[in-house]
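*Asks:* Here the protein sequences line up with chains R and E, keeping their order.
With the first letter of the first sequence counted as 1, position 309 gets the number 1019 in my numbering; the numbers rise by one all the way through.
With the first letter of the second sequence counted as 1, position 63 gets the number 71 in my numbering; the numbers rise by one all the way through.
Fair warning: there could be bad hints in the mix.
Reference excerpt, derived from the structure (chain R facing chain E, CB under 7 Å, subset only) [stated by the list, open to error]:
hint, residue
1, Leu784
2, Leu791
3, Ile795
4, Phe936
5, Gly937
6, Trp962
7, Lys994
8, Ile997
9, Trp998
10, Leu1002
11, Leu1005
Bear in mind the hints are in silico, worked out from the structure with no lab data behind them.
As the structure is a computational prediction, the values presented were derived from the model and not from experiment.
Every residue gets a Cβ at the ideal spot worked out from N, C-alpha and C, and that includes glycine.
As a plain string of letters, each chain reads:
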Amino acid sequence: MLPGWLIIATSFGYVSLLFAIAYYADRRAERGRGWIANPYIYALSVAVYCTAWTFYGSVGRAATSGIGFLPIYLGPTLAFLLGWIVLRKILRISKVHHVTSIADLVSSRYGKSHLLGGLVTVIAVVGIMPYLSLQLKAVATSYNVLLHYPEVTAAVTPAHMPLFGDTALWIAALMALFAILFGTRHIDATEHHEGMVAAIAFESVVKLVAFTSVGLFVTYGLFDGFGDLFRQAAADPRLAELQGAGIVGGQWVPLTFLAMLTVVCLPRQFQVIVVENTDESHLKKAIWLFPLYLLLINIFVLPIALGGLLRFPLGTVDADTFVLVLPMAEAQPYLALFAFIGGLSAATGMVIVETVALSTMICNDLIMPVLLRSNWMRLAEHRDLSGLLLAIRRTAIAVIMLLGYLYFRLIGESFALASIGLVSFAAAAQFAPAILFGIYWKGASRRGALAGMVAGFVVWAYTLLLPSFALSGWIDRSFIDAGPFGIELLEPYALFGLTGLDPITHSLFWSLLVNVGAFIAVSLSDRPSTIERIQATLFVEVFRQGGVEPAGLWQGAVPVSDLRTMAERFLGRDRTQEVFAEYARSHRIDLAHSTHADGDLVQYVERRLSGVIGAASARVMVATTLKGEGVGLDEIMQILDETSQVLEYSRQLEQKSRELERATNDLKAANERLTELDRMKDDFLSTVTHELRTPLTSIRSFSEILHDSPDLDLAERQHFLTIIIRESERLTRLINQVLDLTKIETGRMKWQMTDVDLGDVIDHAVSALRHLFEEKSIALEVHGPDRVPPIRGDRDQLIQLVINLLSNAEKFCPPGTGRVDVSLQTGARGVTVSVADNGPGIPVNEQELIFEKFHQVRSGNTGNPMGSGLGLAICRGIVEHLGGRIWVRSTPGKGATFFFTVPYARSHEAADAARAAAGEVGE
Amino acid sequence: MGDDHPVTETAEAERETARFVALFLFGVILFSPLVVRIFDVPGVSVFGIPLLYAYLFAGWALLILIAARLAGRIMTPAPPKPRSSSAAEG
Chain R
711 MLPGWLIIAT SFGYVSLLFA IAYYADRRAE RGRGWIANPY IYALSVAVYC TAWTFYGSVG
771 RAATSGIGFL PIYLGPTLAF LLGWIVLRKI LRISKVHHVT SIADLVSSRY GKSHLLGGLV
831 TVIAVVGIMP YLSLQLKAVA TSYNVLLHYP EVTAAVTPAH MPLFGDTALW IAALMALFAI
891 LFGTRHIDAT EHHEGMVAAI AFESVVKLVA FTSVGLFVTY GLFDGFGDLF RQAAADPRLA
951 ELQGAGIVGG QWVPLTFLAM LTVVCLPRQF QVIVVENTDE SHLKKAIWLF PLYLLLINIF
1011 VLPIALGGLL RFPLGTVDAD TFVLVLPMAE AQPYLALFAF IGGLSAATGM VIVETVALST
1071 MICNDLIMPV LLRSNWMRLA EHRDLSGLLL AIRRTAIAVI MLLGYLYFRL IGESFALASI
1131 GLVSFAAAAQ FAPAILFGIY WKGASRRGAL AGMVAGFVVW AYTLLLPSFA LSGWIDRSFI
1191 DAGPFGIELL EPYALFGLTG LDPITHSLFW SLLVNVGAFI AVSLSDRPST IERIQATLFV
1251 EVFRQGGVEP AGLWQGAVPV SDLRTMAERF LGRDRTQEVF AEYARSHRID LAHSTHADGD
1311 LVQYVERRLS GVIGAASARV MVATTLKGEG VGLDEIMQIL DETSQVLEYS RQLEQKSREL
1371 ERATNDLKAA NERLTELDRM KDDFLSTVTH ELRTPLTSIR SFSEILHDSP DLDLAERQHF
1431 LTIIIRESER LTRLINQVLD LTKIETGRMK WQMTDVDLGD VIDHAVSALR HLFEEKSIAL
1491 EVHGPDRVPP IRGDRDQLIQ LVINLLSNAE KFCPPGTGRV DVSLQTGARG VTVSVADNGP
1551 GIPVNEQELI FEKFHQVRSG NTGNPMGSGL GLAICRGIVE HLGGRIWVRS TPGKGATFFF
1611 TVPYARSHEA ADAARAAAGE VGE
Chain E
9 MGDDHPVTET AEAERETARF VALFLFGVIL FSPLVVRIFD VPGVSVFGIP LLYAYLFAGW
69 ALLILIAARL AGRIMTPAPP KPRSSSAAEG
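Let the sequences and hints guide you as you build the complete structure.
*Replies:* Quick look at the structure:
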């Protein structure tokens, strides 16, 4: 048994929890430690998109059209994929211009037009009313269904209840109270409603968990998992078609498109996505978190729908209540209660945000402009208007809720949940052209937006709203069937004979067609006023200009005190004090000493005011205060254009100067390189001459001895001559090496390029030096495969290379115990040759340097150089010319190993050959 | 210091824009009736879930996954802080 008092107590308990969360979040925010300033809360609050319609209506829709419920959620997913581009632009614009609602955005874009702001407000209120009443209907219906627990009733008709026993009325009152308490606490609407957002985010969690719980219960409690459920459904001929895509035809694309537009254009979505946003970067997470939320809440829609259809005989239970009725039928009272709370969450979240958004629009864009313009109340002379603003908003919330309730009592009965929601969607879609064209097309004009929206709204009302009246019996039904006054061409569901579409698609087609058509046609033939052009530029180029209008707008002599008095009327004394102090601080000026406000300050105040009363009203207020002392709008446009140009120039200039800087840097680098080369040439020359002088000196001195001492004995003479010959040989070798190196370095070397077998090269080099090694009794061994793939190179140079390495090794090996190993390996790209000795090794810091010209490793004990210092340089020259690499690995004291690789002659053939060779070795 | 040239910023922002637009178009194709109908094969199921249903949700999840990857790589700098701050005491 589920007594009525328990349901009511639980509901009240839940709503009290919401109040507590909202209150706590508000208090924290006041102390500067808000929690809504994080992307997860932001994404959850955007999920206010999922209303009672999602919670109950999706299942109802799925029960009749299978996957036909999905477009409403695929559309927003697609829209959010463009979120970083489109939403961020709207967000940036709204931040810069202190936009407080969707009406304010449109009005601000089109020259701060009152008319447009008012029009958007009217469309929003009229269009959203069915949607609001839908939420009340959902809650009332679900309450009444639950009240009959455990008996599952087919049709409940809350509309026939006595007025004060009607749950919907009490629910409406409670929601209005919440909206008033947490939605209209502040005066400055651009300050965020932390409490409200926290509560909304919490509700998003509750509705997701509740719906998923029911889904899990149906799928795994009633059935044996997805497989079983779908199998049983497929076996039932009535349900088989629900699993197919036959339904994808007609409504699939229009509904996806519609949902894409409305996810931003619905006033409550605009409120949570744009107005309540605290940080643009939160969008980064929201663009995938929000679609993820939609995905999660939709997983169990079809299972619940199929489960309900399988469980109950066709037509006995309204599919819109399956979420609630399934747990009831299975005697799960607390799950049913939880489901009810989930539905309540979905409904309250939507109603609260929607009423707050609408009340802001009604106050700022409908009532204030009228009050400010009329002399009737002499409002402009009132001292403090902030109280009035709050009163207007609170009254607006109450009135909206009352209207929603009335609509529900009078009309809402005759419709299924989903179709009521779609009527509102189609109305909100009428804002899309004005917004999207407005932020991307400078030519979009006020009159164009006005014409488009009026035309779209009229067509919407004619094709969707009036027929809904007819369906509920307000108007004669023949209005739908035969057209007004029997004119068939004007039938609201088949306008101008367009048949074969469902009412929503039909209305969407016609209304958007005339909306966009009129918008473009009028905009193109229009000459926008200057202020429109200013706003257009600021909106479209928001990322380029920073979006703030040039301060020159209100140039002139305005006493600061006048400005302050005006601001106080709307913001109250304390807030005004804060605003002015803030300005003074950020601009580092002392307002007490300046008698006249500069343009910057006036504009700053105007923007703060527009956060309270909307852009259009703020403009009027500032203008009346200044009494026409501002600069003409044409001059502003000029300033703006100039700013634009100056920005462009400076951007180009910056680019030029960067290019110049780059060129300078290149030049500097080249110069450094030249200096370095020059220095190297000098070094080279001095080293070469030094190296040449040593043998020359010894040749000359020994020759002089021979010349001056004719009486030397033969043995001594022989000895001196041997020295002279050896030194001459050394000289010749040195000169040859210098020449070789120069030839290699300057590219004048004649290379005889052929396919060379490196094994053969090594054999040749080894046999040439064999006796030298034997003389010093140094062991010399060659390892490696007999045959390696050919490489491309100059055979003589390669022999020279190996000889250089071998004689190097020989020089450093200790006589007697010395040992040199030459090995040959095939790799992926080329052949690697290594020459290892067991000499003293090369210090780590020298390992790179030894390949430089004239760098000589001094032998440990004598400190004398042991070579010309050119051998390794030549080696490197040869290897690098052949496209290879040479390097050394050495641990001092344990010998050194020189490696060089030379690439294969032709890569793929060689690779094959390498594999073959490796195979041979393996065997 | 000199790394944040406006020029490279713009190029990066354009690349980001292009990626999201491409993902959007991919999503449009993924959910277009023509493609969706391909997966409407009665009797075929993936782990007991009808192919059509499985396809739609898997495609949806894929889009979200890619969007999350792209969003994580966004380099576009945050907007300049507005001059007005929240806590203001005179």
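*Asks:* Can you list which hints this structure breaks, lowest number first?
*Replies:* Structure breaks no hint.
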